[in-house]
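Just remember that our numbering sits 88 ahead of the position in the sequence shown, which is counted from 1.
Think of the hints as simulated: they come from the structure by calculation, not from any bench. Glycine included, each C-beta is placed from N, C-alpha and C at the ideal position. Among the clues, some could well be false.
To be verified - Pairwise CB distance ranges (calculated):
id : residue 1 : residue 2 : range
1  : E221      : F175      : 33 to 41 Å
2  : R173      : G150      : 14 to 22 Å
3  : K128      : E151      : 29 to 37 Å
4  : E127      : E148      : 28 to 36 Å
5  : T119      : A278      : 56 to 64 Å
6  : L183      : D253      : 22 to 30 Å
7  : L282      : F163      : 32 to 40 Å
8  : Y99       : T196      : 12 to 20 Å
9  : Q227      : E148      : 46 to 54 Å
10 : N115      : F175      : 14 to 22 Å
11 : R214      : S93       : 41 to 49 Å
Claimed, not checked - Below, simulated DSSO-like cross-link-like pairs (lysine-lysine); rule was C-alpha separation at most 27 Å, straight line:
id : residue 1 : residue 2
12 : K191      : K254
13 : K288      : K191
14 : K218      : K191
15 : K152      : K132
16 : K194      : K254
17 : K181      : K128
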Amino acid sequence: GLPFSLEISGYLRNAQTVSSNENAPANHELTTDGYYLFEKQDEKEAEMNLAGCYAIAVFEGGEKSAPFILAGASFHPFTVRVDDRLFTVDMRKRLWPMGFAVKLDKFTAEFHPGTSRPEKFVSEIRRMEKGQESAVTIQMNEPMRYEGLTFFQASYGPPGAGPGDKMYSVFEIVKNPADKWPEYSLYAVALGMLITFVTKLGSHLGASSRKRKA
89 GLPFSLEISG
99 YLRNAQTVSS
109 NENAPANHEL
119 TTDGYYLFEK
129 QDEKEAEMNL
139 AGCYAIAVFE
149 GGEKSAPFIL
159 AGASFHPFTV
169 RVDDRLFTVD
179 MRKRLWPMGF
189 AVKLDKFTAE
199 FHPGTSRPEK
209 FVSEIRRMEK
219 GQESAVTIQM
229 NEPMRYEGLT
239 FFQASYGPPG
249 AGPGDKMYSV
259 FEIVKNPADK
269 WPEYSLYAVA
279 LGMLITFVTK
289 LGSHLGASSR
299 KRKA
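With the hints as extra help, turn the sequences into a complete structure.
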């Protein structure tokens, strides 16, 4: 087993990591390494929630590490060193392989005047599959829907990035079978029309045959 255990506290079902230098904690939230967890309202679709919590590594001798943050949207795991062994601790949802790849070409963000609150952020990506590439734009309230998956523009980073800084984009991916319902409906309508056509054609041919015999 691991040479340490974890003590978890302050779990939030939907949270955002915020820099205390940009926005001071309003409710005395625990701040560690200049960051704290801000609780966000639950999303309508539970899959879009990004959980977060505070953790402490407890070692075999009872010694404890300083508190650190585990967050679903974080790209930087916390590292724990025990003797000459290095461990990384991170919070992640279960990983699912996809039949295609996505590459970020350009990310742009617009902010409300005089604030660091985003008004709009846009990701220009390339969807790559079987040697073919398609240019797609994903932005707030305009997700990419493909192969039963929905890519939402969730957030971006790193926190506090300024003009000219290299940034990354965070997507929340939701598997939604309902996205295929319009396609299935078209198939059902086409099948119904085909059955109706064949039935009518059969009736017409049968009537014509009876008239000739008469």
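Each hint tested on the structure:
For E221 paired with F175, a C-beta distance near 38 Å keeps the hint of 33 to 41 Å intact. In this structure the supplied range 14 to 22 Å holds for R173 paired with G150, their Cβ-Cβ distance being about 19 Å. Under the hint 29 to 37 Å, the C-beta atoms of K128 and E151, about 34 Å apart, fit the expected range. For the pair E127 and E148, the supplied restraint of 28 to 36 Å holds, since their beta-carbon distance comes to about 33 Å.
Taken as a hint, the range 56 to 64 Å holds for the pair T119 and A278, whose Cβ atoms sit roughly 60 Å apart. Restraint check, L183 to D253: a C-beta distance of roughly 28 Å satisfies the suggested window 22 to 30 Å. Between L282 and F163 the beta carbon distance is about 51 Å. The supplied range of 32 to 40 Å is therefore violated. The hinted window of 12 to 20 Å between Y99 and T196 is violated, with their beta carbons roughly 33 Å apart.
At about 49 Å, the beta-carbon gap between Q227 and E148 stays in the expected band of 46 to 54 Å. Separated by about 32 Å at the C-beta atoms, N115 and F175 break the suggested range of 14 to 22 Å. The given range of 41 to 49 Å is respected by R214 and S93, whose C-beta atoms sit roughly 43 Å from each other. Between K191 and K254, the direct Cα distance comes to roughly 15 Å. Compliance with the 27 Å bound is thereby established for this hinted pair.
With a C-alpha separation of about 52 Å, the suggested pair K288 and K191 falls outside the 27 Å cut-off, and the hint is violated. Between K218 and K191 the CA atoms are separated by roughly 14 Å; this keeps the pair inside 27 Å, and the hint holds. For the hint linking K152 to K132, the alpha-carbon distance of about 38 Å lies beyond 27 Å, and the restraint is violated. Proximity of K194 to K254 is assessed by CA-CA distance (about 10 Å); at most 27 Å being required, the pair is judged to hold.
Straight-line distance between C-alpha atoms of K181 and K128 comes to about 18 Å, which keeps the hinted pair within the 27 Å bound.
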